[in-house]
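J.: Residue strings, one per chain:
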Amino acid sequence: MTQVNRRQFATLLGAGVSVLAMPAYLRAQAKPRVVVIGGGAGGATAARYIAKDAQGALDVTLIDANQKFTTCFFSNLYLGGYRTFDSITHNWDKLAAHGVKKVTGMAKGVDLAKKTVAMADGTSIAYDRLVMSPGIDLKYDSVPGYSAEAAEIAPHAWKAGPQTELLKKKLDALTDGQNIVMVAPPNPYRCPPGPYERVSMMAHVLKAKGFKNSKIFIIDPKEQFSKQGVFVEGWEKHYKGMIEWIAPTIHGGVKNVDVKTGKVTTDLSVFEGALLNIIPAQKAGQIAADAGLTDEKGFCPIDPNSMRSAKNNDVFVIGDASIAGDMPKSGFSANSQAKVAAMTVRADLTGSKTFPAKYANTCWSLVETDDGIKVGASYEPKDGKIASVSTFVSQKGEDAAVRKANTEEANGWYAGITADMFS
Amino acid sequence: MMLRHWALACGLAAMLLAGAEQANAQETAAARGEKLFGACKACHEVGTGARNKVGPHLDGIFGRVAGTVEGFRYSDAMKKAGADGLAWSAESLGAYLEKPRDFIAGNRMSYRGMPEKGDRDDLIAYLQSQGPASPAANVAAPEPKAKDPATEFTDIVLKIAGDAAYGEYLSGDCVTCHQTTGQVAGIPSIVGLPKDYFIRAMFEYKTNVRSNEVMKLRVANLANEEIAALAAYFGSLQPK
Numbered sequence: 000m001t002q003v004n005r006r007q008f009a010t011l012l013g014a015g016v017s018v019l020a021m022p023a024y025l026r027a028q029a030k031p032r033v034v035v036i037g038g039g040a041g042g043a044t045a046a047r048y049i050a051k052d053a054q055g056a057l058d059v060t061l062i063d064a065n066q067k068f069t070t071c072f073f074s075n076l077y078l079g080g081y082r083t084f085d086s087i088t089h090n091w092d093k094l095a096a097h098g099v100k101k102v103t104g105m106a107k108g109v110d111l112a113k114k115t116v117a118m119a120d121g122t123s124i125a126y127d128r129l130v131m132s133p134g135i136d137l138k139y140d141s142v143p144g145y146s147a148e149a150a151e152i153a154p155h156a157w158k159a160g161p162q163t164e165l166l167k168k169k170l171d172a173l174t175d176g177q178n179i180v181m182v183a184p185p186n187p188y189r190c191p192p193g194p195y196e197r198v199s200m201m202a203h204v205l206k207a208k209g210f211k212n213s214k215i216f217i218i219d220p221k222e223q224f225s226k227q228g229v230f231v232e233g234w235e236k237h238y239k240g241m242i243e244w245i246a247p248t249i250h251g252g253v254k255n256v257d258v259k260t261g262k263v264t265t266d267l268s269v270f271e272g273a274l275l276n277i278i279p280a281q282k283a284g285q286i287a288a289d290a291g292l293t294d295e296k297g298f299c300p301i302d303p304n305s306m307r308s309a310k311n312n313d314v315f316v317i318g319d320a321s322i323a324g325d326m327p328k329s330g331f332s333a334n335s336q337a338k339v340a341a342m343t344v345r346a347d348l349t350g351s352k353t354f355p356a357k358y359a360n361t362c363w364s365l366v367e368t369d370d371g372i373k374v375g376a377s378y379e380p381k382d383g384k385i386a387s388v389s390t391f392v393s394q395k396g397e398d399a400a401v402r403k404a405n406t407e408e409a410n411g412w413y414a415g416i417t418a419d420m421f422s
Numbered sequence: 000m001m002l003r004h005w006a007l008a009c010g011l012a013a014m015l016l017a018g019a020e021q022a023n024a025q026e027t028a029a030a031r032g033e034k035l036f037g038a039c040k041a042c043h044e045v046g047t048g049a050r051n052k053v054g055p056h057l058d059g060i061f062g063r064v065a066g067t068v069e070g071f072r073y074s075d076a077m078k079k080a081g082a083d084g085l086a087w088s089a090e091s092l093g094a095y096l097e098k099p100r101d102f103i104a105g106n107r108m109s110y111r112g113m114p115e116k117g118d119r120d121d122l123i124a125y126l127q128s129q130g131p132a133s134p135a136a137n138v139a140a141p142e143p144k145a146k147d148p149a150t151e152f153t154d155i156v157l158k159i160a161g162d163a164a165y166g167e168y169l170s171g172d173c174v175t176c177h178q179t180t181g182q183v184a185g186i187p188s189i190v191g192l193p194k195d196y197f198i199r200a201m202f203e204y205k206t207n208v209r210s211n212e213v214m215k216l217r218v219a220n221l222a223n224e225e226i227a228a229l230a231a232y233f234g235s236l237q238p239k
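Respectively, the protein sequence lines represent chains C and E. Counting in numbering that gives the first Met the number 0, the first sequence runs from 0 upward without gaps. Counting in numbering that gives the first Met the number 0, the second sequence runs from 0 upward without gaps.
Which residues of chain E face chain C? A few of them, derived with a C-beta cut under 10 Å, are:
id, residue
1, E167
2, Y168
3, L169
4, G171
5, T175
6, H177
7, T180
8, Q182
9, V183
10, A184
11, I186
12, E212
13, V213
14, R217
15, N220
Below, a list of computed lysine-lysine pairs in the PhoX-like style, where the Cα atoms sit at most 25 Å apart:
id, chain 1, residue 1, chain 2, residue 2
16, E, K205, C, K403
17, C, K67, C, K107
18, E, K215, C, K384
19, C, K138, C, K310
20, E, K116, C, K403
21, C, K51, C, K101
22, C, K101, C, K30
23, E, K239, C, K51
24, C, K169, C, K262
25, C, K381, E, K215
26, E, K215, C, K403
27, C, K395, E, K205
28, C, K310, C, K113
29, C, K381, E, K205
30, E, K34, E, K116
31, C, K239, C, K211
32, C, K208, C, K239
33, E, K98, E, K78
34, C, K158, C, K107
35, C, K93, E, K239
36, C, K214, C, K239
37, E, K40, C, K403
38, C, K158, C, K93
39, E, K52, E, K78
40, E, K78, E, K40
Since the hints were made in silico from the structure, they are not lab data. Note that the Cβ used here is the ideal one computed from N, Cα and C, for glycine as well.
The following block holds chain E by itself, in its conformation from the complex (with noise of 0.2 Å):
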């Protein structure tokens, strides 16, 4: 009776110890993701209180139908996405992940792809561990901001009411290589751009956060108003 009580035992441990690990290599594979996040985070945010920035917030994306984020401007494809019956799951969200512009032709998201599936799987386990959702309860209202130079840069352009005809001669510069339908082929979509990233962007350009050479030099001699004007015609764009 001893002895099988303590094989009985035994096995219990183990059955234990089993599920101890399946978690922590859960936690781990999220902890992976969370790393992962952070190139999404320029765009994108997720867990409590997330809101709408560049990119549409993530909370609760796992099972919600594809373009339907309350006040996102969404590229004419990834609607027809949605309308055609694309819901977000582990693995709609892997293969999109995979390479975007192949997944969804058309639509307007700057990133080229994660091409391991490992990565892909720890970015949707880090996503799906963010819980139910629990988005800020206006999701299109902009962020609240932290007092730096590009926010202080951003906040004194807004004040300018941006000429959005004189913005539409001036993206002349722009629309050579951004296209005016947000198409993404190499060169990332700025149509439909919040004006206070669009601001802060070319603020970052102009103090070389940004390193880009060609966008530096585009933006070095642009004025306050002459942004405030591209961000209001850029911001007045519909995706297509």
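Just chain C, same shape as in the assembly (with noise of 0.2 Å):
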């Protein structure tokens, strides 16, 4: 038995390896946990300033799905040929100096007792802070006749990535006279001027090809929608013609989507396109549901002072996924509110100082080439919620300089915010 074969003499190697390691190991185990679930605008940015800004102190551990990240913010400007899908994807490889560890897995379910995150793949990874930041799903069956197969034929593109890459094929490849649909969806739901943006974007394209004959239809289930007064104005001046919103009041409601025709039936008539855009309505990404964060509406409810969830102590949830008050469904809202909640999450576990809460967001949307407008606010916590303390929006018969002024600044934020986010 002294004899040693080379199978256990590689065996005692590896137990001699692990004794050596376990100190430091213990170490790493000794500091608090916190995991980030999703690596979006607030996933991200909640890593990110958690793990810089605790200098070590904690174990930070990002968990997404994916390896790149394709921003919703700015997908627009893709359709309309001022971006291309390259210049809006992006990934967390920088990350890891500030000591963030990036876990490329599906979270497939939390346990708040246990404090555990279960991986899809079954392994689980435990927790003293959880960061939920999972973004939105999609209620396919809002709109009668939707469906996950059926987004393969009729994008809803509200996810961006491949949705998105769809959408633009299908927008080049219209020929003039081809009718567009876009079944707009209904409040709260990610990006408030989105839908209207992405119109003016493919009316764009459309416009640029030369088009005289194609019409942009939206049948939208809300009687009002953000910076109206400026869109409007934005199409009767850059698309004459080409844009009939429909407001429910006039079509009653969308009794079926048939992807198969391009038809969208409504009370007052059918709607024929060659491309139908349907955005239906949102929730809460699923794993915070299934986790019990979630009220009978499908969102989140949070402390508006940290960001912590209403339902568990441990666990902060942030951007489209929370229900914050009077801030939109927005990536500068969720990155705000990352702030917010690493903030909070560090005090919990270090004991470093907590400060107010402020937030703050800004929406910018590209009309036309050099007509950008934009709408904003600051918010506090007020009465329970995260309430507006002051806001503005961009008027009708603005300067083209103030306009042209707009798309620079947005530039300038697109460029700003993704380096706060993966830099």
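Taking the hints as your guide, dock the two standalone chains into a single complex.
T.: Dropping the structure here:
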């Protein structure tokens, strides 16, 4: 038994290595653990700020199913031909330098009692604090006749990625005289001005090709929409006669969508499009609902002072999945909420100082080349919710120079927020 | 003989006249350039007693190696350009001014560029007309201030010891657009700004002297302590 064969030797060596490694391993385990689910504007920002500001005191893991991330914001500019797909696609590689460990995999469930995240591959990741930034899931059945399968023919493109590319491909394939029908989503939904910027970008593409006979119909379940005055003014100015917005009092509701024949049936009439863009109603990412963090409307209530879940003290919910009072569901909002959550998570686990929560949002939209509009607000916790304290919105009849400056500002913001998430 | 003398005199007069015209044209170019310099003045001084402001002083710029004015915090990109041998001449300055972000990528001058060659030539003529360098003895010293409400406000806020840690937290609202590296991409760099300039800018947003709606909104609810904290934080950052 004194002779050690190669296999036994390898086993012994392995045991020796693990013994040697153990103290460091134990030290690492002793650090409080933060897990972030979702690597978008909320999750990437939260992971980056927690790791950067904790300076090694916390063990930070970011879970996202993908290797790359395409931003929903500016994906309309890709449709319009102002941006390449590559230019709106990023990755989390640089976060490692701040101490963020990226796990590429699907988070399947959260056990709030055991404080673990179950991964689709069967592994489990323990946390002391969990930041949920799962974004939205689509309620396909909110539009009769629509489904995940139907989205392969009539894209929603409300989550950036292959759906966005599919919509672009279909848009570019249209010929003069063919129509587009968009079914807009009901409140609350991701990116309130998004559908209307998208219509502007689609019109820009058709106009640039010299199309005279194509129309874009927007079947809207809402009586009014974000930046409506300036959007409608811009459509009149740049795309006269091309865009028709139809309010629910006129169309009476969508009765059926047939993606194969391109027909959207409403009480009023049947709208036909060679391209259908169906954007259904939305809810918080399914994992939040499964964990019991949502309310009856499908989104997650939070404490406006911290973004802490109202349902569980160890969990924070940020971004589109949260009920953020007066704040719209936007990348800017998610980024802003992430910083409040990050500050509170660090305070929970390291005793660092906290300051009163403040939030901000600005949404820029492009109507046509050099014609950018914006809406924004500042927010603070008030009466149990995140309340708007001051706001502004672009006005009708503004100078061309103001509108052009808006587009440059928007480009600057894109560079800024993506650096704030990924650098 | 008379005729010859006369012709000579005529020639001489013509030459004198041409010389005068040329001088006149020079003067006009410099005068036009002075007007164009109005856009630069918010950040740059030139001429006798020039000091650093948001940008370095431009006195005696021709022949100067890029990124070398004493006491000014340059971007890494500008320092590297100087180390790589860039010195300012009419040609190099003209190329820079046409599109600053393209000529030296990563520099932090918040200026989009001057597309017309004629304008650039006039501006350079103006800078050249400033003669030999005679900047202030201490270019990094703060400039003497006129007493106006903005200055009074600035003085009040400057007396508050800004809490940079608080400023760092508050900066979360700013750095979604203004990059901490000081990179400029359609939104100005605010990294390493002199405190007095920073505070004055906040006052100007509060009082509608500056009109950007996004900025007015962010600044409207900032208390003096918060402005002091932000000025301390951004002033403490080094551009990359």
